[in-house]
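Number of protein chains: 2
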Amino acid sequence: MTNDKDNTITGKITRALAERIIAGHIAPGTKLRQDYFAEEFGASHVPVREAFRRLEAQGLVVSEPRRGVRVASFDIAEVHEVAEMRASLEVLALRHAAPHLTAAILDAAEAINRTGENAADVRSWEEANRAFHRLILTPCGMPRLLTTIDDLHAASARFLFSGFRMEWEAPTDQDHRAILKALRDRQFDVAAATLARHVKWIGTKPGIKTRLKTPS
Amino acid sequence: MTNDKDNTITGKITRALAERIIAGHIAPGTKLRQDYFAEEFGASHVPVREAFRRLEAQGLVVSEPRRGVRVASFDIAEVHEVAEMRASLEVLALRHAAPHLTAAILDAAEAINRTGENAADVRSWEEANRAFHRLILTPCGMPRLLTTIDDLHAASARFLFSGFRMEWEAPTDQDHRAILKALRDRQFDVAAATLARHVKWIGTKPGIKTRLKTPS
DNA sequence: AGATTCGTTTTTATCTATAATTTTGAACCT
DNA sequence: AGGTTCAAAATTATAGATAAAAACGAATCT
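Protein chains in written order, with UniProt numbering: chain W, 1 to 216; chain R, 1 to 216.
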């Protein structure tokens, strides 16, 4: 979505705000004032507004005309929704990527998976997790699909970072290992089914906060 | 995505441009100059820029920093990609919507289907087709999923209107009838499978222009 | 006291002006 | 002639200024 080589001020502001919202540094429902961020980034408010439009399309903020934008709130239903969408689309991507997966890619995925298992905090675990999924899905060669999946990952990460589980330990990622094994064995159906279950499971973790929506 | 009650100038420009791009009135690859549209809509170029950002997120235009935006080009691969994504996501939506489908909704869908079959041109057929899909999918109650599907429908419509088939006749929509029948019989798996096949078929129609990409 | 209206303040949305970058084209050199 | 360099023109990106709408609060009325 947001091109990494987008070096415009709008691009920088978009990335910075997306980062903060995903990390949970700005609470859901918070009103985002354009003048405030214009000053913070040493810019005028025009690029801030453009950043708002991008974030809006990504689903990270909601905008009411003449009333500004607020950080999007989300509830357990949306977490499920995103999980289901990811499951559907990542399976689709994997089906198309599978024939193009080389041993080298699978080795790299395994390495990243180990990195994730040794991660010290949620943040770096999520980064490794995202890299893992990206690595095995990218060869599908479907750019629109991949950017949509990226947006969904951002939404998932937001949930993950929302502190629904205070203490956190790096899990040995059994599912990832099973997916890789199935891919090596060319058992693509097994890999796809495992991936679907794996992604959907994220939305059903125990101990979920059900009240994240802001009282309107 | 774009809220219909968005009465801001940005909103109007966004809708007008999206309309034209989808209808094929502006050719893929065409450079969109902000000053031109600012004057046309009697506005300054700031809301035009915001509209560009929205269209960019929708995939209707592509933007290169400092070089402006162009109407997004698309090739046969992307048509397939969109069809596959629609198939996956519409099936997901239908699975969640199915339990909430009432006889009244199915009757309305059947009526819309007849409207489509009597359509005089591609334009009105597409409108009825889109209404049909929307009607049976909306009860899924997954807003994010529905807006994503809407964006994909826009991309599909763009392809449909791109004149890949000069003469056009309204088809009796056999698939739609089959889907409705399966839904009435509570055979949700049949309905889902038919829907998937139906949507994917769009990308495989004969007589497709394969050279829509602009020579870069 | 509680509600309501009106005016002030804050914030958004838009316009006009300026700066920076890219494109275009002509002159120049080989 | 063909290519290259440099300057002029066009266009994008951003800043600063203005207008309009909404939020807020105080004063008034019931």
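Since the hints were made in silico from the structure, they are not lab data. Please note: incorrect hints may appear among the correct ones.
[What the hints assert, rightly or not] Far from chain R by the CB rule (all over 12 Å, computed), these chain W residues:
id, residue
1, LEU32
2, ALA51
3, ARG53
4, GLY59
5, GLU84
6, THR138
7, LEU145
8, THR147
9, ASP151
10, HIS198
[As the list claims (entries may be wrong)] Computed footprint of chain W on chain R; a stretch qualifies when at least three of its residues, placed anywhere within it, have a C-beta under 8 Å from a C-beta of chain W:
id, region
11, 20-29
12, 104-116
13, 144-152
14, 183-196
Only a predicted model underlies this, so the values are computations on that prediction, with no experimental measurement involved. Each residue gets a CB set at the ideal place from its N, CA and C atoms; glycine is no exception.
Violated hints, by number in ascending order, as checked against the structure:
Result: hints 2, 3, 4, 5, 7, 8, 9, 11, 12, 14 break, sorted rising.
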